[in-house]
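Those protein sequences? They're chains P and A, same order as listed. If you read the first sequence in this note's numbering, its first letter stands for residue 1, the second for the next number, and so on. If you read the second sequence in this note's numbering, its first letter stands for residue 1, the second for the next number, and so on.
There could be a bad hint or two in this list.
Which copy? The list can't say, so a pair holds if one copy fits it or any two copies do.
Claimed, not checked - Below, a list of computed lysine to any residue pairs in the SDA-like style, where the Cα atoms sit at most 20 Å apart:
1) K62 with P17
2) K232 with C120
3) K269 with F284
4) K326 with C285
5) K3 with E77
6) K62 with Q20
7) K311 with P17
8) K62 with Y15
Please keep in mind that the hints were generated in silico from the structure rather than gathered at the bench.
Number of protein chains: 2
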Amino acid sequence: MSKYLNPRFGTFDAYVPGEQPRDRQYIKLNTNENPFPPSPFAQRLARQAAAELQLYSDPEVKALASVAAQRLGVKEENLIFTNGSDEILYFAFLAFCGEDTPAVFPDLTYGFYPVFARACGVDYQEIPLSENWEVIPGDYAGADGTIFLANPNAPTGIALSSDQIEKILIANPDRVVVVDEAYVNFGGETVVSLIQTYDRLLVTRTFSKSYSLAGARLGIGIASEGLIADLKKIKYSVNPYNVNAMTAAAGVGALLDREYFEKNVETIKENRAYLAAALQDRGFCVLPSETNFLFVKKPGISGGELYRGFKERGVLVRYFDLARTKDFVRISIGTKDELDFLIRALDQITEAQK
Amino acid sequence: MSKYLNPRFGTFDAYVPGEQPRDRQYIKLNTNENPFPPSPFAQRLARQAAAELQLYSDPEVKALASVAAQRLGVKEENLIFTNGSDEILYFAFLAFCGEDTPAVFPDLTYGFYPVFARACGVDYQEIPLSENWEVIPGDYAGADGTIFLANPNAPTGIALSSDQIEKILIANPDRVVVVDEAYVNFGGETVVSLIQTYDRLLVTRTFSKSYSLAGARLGIGIASEGLIADLKKIKYSVNPYNVNAMTAAAGVGALLDREYFEKNVETIKENRAYLAAALQDRGFCVLPSETNFLFVKKPGISGGELYRGFKERGVLVRYFDLARTKDFVRISIGTKDELDFLIRALDQITEAQK
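Let the hints inform the model, and build the full structure from the sequences given.
Now the structure itself:
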C-alpha cells in the first residue's frame with residue numbers, strides 16, 4: 001500500500017476470490033458456479049441489448065423490476081438491483097451498520113462479511129456455530145447490532161427454516177436483519193414474505209447461482225419501502241448506473257424462462273444427492289446441504305490434501321485454510337460427468353494414500 | 001429515510017442522473033451520450049460472452065488489461081477497471097481522502113464529486129472557477145487535500161493543458177491529484193504519460209462517451225503501481241467481480257476497432273463546430289469546448305426557459321438550476337440531423353418569444 005491510502009484500509013486483508021487458473025483446463029467445482037449456460041432466452045435479450053449500449057442503462061432498472069416484482073410477489077418499491085449480490089451486501093453494511101451499530105454474524109459464514117465490515121469501518125461480532133455446524137437462533141436474541149445471516153449458510157450448506165429466522169427477528173425488535181439467500185433456490189425456505197411484517201428485514205438474492213449468470217453480475221435486495229429507499233440513497237450516492245443494460249436484459253430473460261430454471265435446479269439437486277451418496281459410500285462426512293455445493297471431510301485425510309490431490313488430477317475444489325475448516329473441502333455441484341470425473345479422481349487419491 | 005439508516009447518509013442529497021423520460025420519444029442531448037452505436041466488433045465480442053455467463057467474470061480483467069495497456073503505453077499493473085468511471089472515482093475518494101484529508105475541486109465541475117465526498121464522510125473544499133469559467137492552476141497550489149479535476153471540465157467543456165496539470169502536481173508535492181479524463185478523447189490533452197513521473201497522479205477514463213458504451217458501464221484508473229494496488233485493495237474489499245464478462249469483452253472490441261472510434265470522434269468534433277457556429281450566429285455565448293457537449297447561454301432567455309422550450313419541442317438538453325449556471329444549458333453533440341432538429345426548435349423558441 002502507498003503512503004496515500006486511507007489508513008483504515010491498511011489494517012485488514014481483502015477478500016480472496018476462488019482461484020481462476022488459466023494455465024490449464026480444470027473441472028471447476030470451486031466457486032459454486034452453475035454447470036449449465038444461462039437460459040437461451042436470457043442470452044438472446046442480452047445480445048439484443050449490446051446493439052444500443054451508447055445509451056445509459058436505466059438507473060431504476062424498471063423492466064427488470066416489473067418482472068421480478070411479479071415473480072417474488074412484492075411491489076417494485078420493495079426491490080433494488082445491484083452489480084452482483086456482493087454490492088447489495090456492501091450497501092447494507094454501509095446503510096445499516098455504523099459507529100454504534102456493529103455487524104453480527106456466525107463465525108463460519110460467507111467470508112466477505114468481515115471484509116465488508118472492515119471496509120466500512122465498523123466493528124463486528126462473530127457468533128460460533130454449534131458443534132453440528134448449525135446456526136442456533138437463540139444465540140442471536142438481543143444481538144448487539146445488525147444481523148447478517150447467509151441462509152442456507154456457506155460454506156456449510158445448512159439452512160434455517162423460515163420460522164427460525166422469524167424467531168431471530170422477534171428476539172431483536174429494533175435490529176435490521178439481513179438474510180442472504182444466495183443459495184435458497186436449491187432447497188432452503190425463503191423469508192421474502194416476511195418483509196410484509198418486518199420492515200427491518202432485508203433479503204438479498206443473486207442471479208449467479210441458480211440462474212447461471214455469475215459472469216453478468218446481478219443481485220437483488222428485497223425489503224420494506226423504507227429500507228429500499230435507504231439503500232437507493234446509497235446507490236445514488238455511489239454508483240447510480242450500477243446495473244448495465246445487457247445484464248438487466250439477461251435478468252429479465254432468466255426470470256421469464258421459468259421452465260429452463262426449474263429443470264436446471266432439479267438436475268443440480270439430483271446431482272447433489274448422487275455425489276453425497278458416492279462420498280458417503282467412501283467414508284465421507286457430508287453436511288446436509290440445501291445449496292449447490294457440499295461441505296465434506298473424510299477421517300484420515302486433511303482438506304488441504306484433498307484439495308491438492310484433486311487439483312493434480314484436474315479438478316478444482318475450494319479449501320479454506322482455517323482452524324475450524326481445515327479438515328473440509330467444499331465441492332460445487334457440476335454435471336453428472338464432472339462429478340463422475342471427481343469421484344474417479346477421489347478413488348485415485350485414496351489409492352495413492354495406501 | 002428509515003430510522004435504521006446510518007445518519008451519515010441522511011445529511012445530504014444523492015446524485016440526480018440526467019432525466020430518462022419514457023413517456024415519449026425525445027432527441028436526447030442531455031446526458032452526453034454518443035449518438036453512434038458501439039463498434040460492431042465490440043458488439044460481437046459482447047454477444048459472444050453472453051453464452052458463457054454461468055462462469056464468474058475475471059476479477060483481474062486480464063484480456064482487457066492487456067489490450068488497454070498496449071493502447072495507453074503503460075503496464076497492466078498501472079491499470080484498474082471499474083463498473084463505469086463513477087466507481088473508480090468513488091474508490092479514489094475512499095482510498096485517498098479521509099478524516100485529515102479532505103477533497104478539493106472546482107466549485108463548478110462534475111456534480112458527483114461533492115456527493116462522493118459526503119458518501120465517504122470526508123470534507124471538501126470548492127475552489128471557484130475564474131470569471132471566464134476556467135480552472136486557474138495557481139489557485140490549487142498548496143491545496144489542503146486530495147485534488148479532483150475533471151479535464152476537460154464539465155459542464156463547461158473547457159480544458160487545462162498537460163503543462164497546467166503538471167504545475168498543479170508540482171505545487172502540491174505530497175498530494176494525490178486525480179484527473180478525470182472522461183471527455184479527453186474529444187480534444188483535451190491527456191496526462192497519462194505523467195504517471196511515470198508522479199506516483200501520486202491518478203487518471204480516470206470512461207468508455208461511456210467516445211467509445212459509445214455508456215450502457216455497458218466501464219471505467220479505467222491509470223496510475224503508479226502503488227496507487228493501483230491501493231485501489232485494488234478497495235475493489236477486493238467491496239466488489240471484486242465489479243466488471244461483468246460482457247462489458248469486459250465489449251471493451252476489448254472497442255479498443256481494437258480503432259478506425260471506428262476515430263471516425264466517430266472526428267464526426268462529433270465536426271458536429272460540435274457546426275452547432276457552435278449555428279448558436280453563435282443566433283447570438284449565443286458558447287464556451288470553448290473540448291468535449292462532446294457545449295455549455296451555452298443567450299442574453300434575454302434563461303437556461304430554464306431554453307430547457308423547457310426544447311423539451312416541449314421534443315429535445316432534451318441539460319439544465320442545472322444553480323445560481324452560477326441558471327443562464328446556461330448544456331447540449332450534447334448528436335448527429336447532424338439531431339442538431340438540425342435542435343436548431344429548428346431553437347428558432348421556434350426565439351420566434352415565440354417575440
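Among all the numbered hints in the text so far, which are the ones the structure does not match?
Those not satisfied: there are none.
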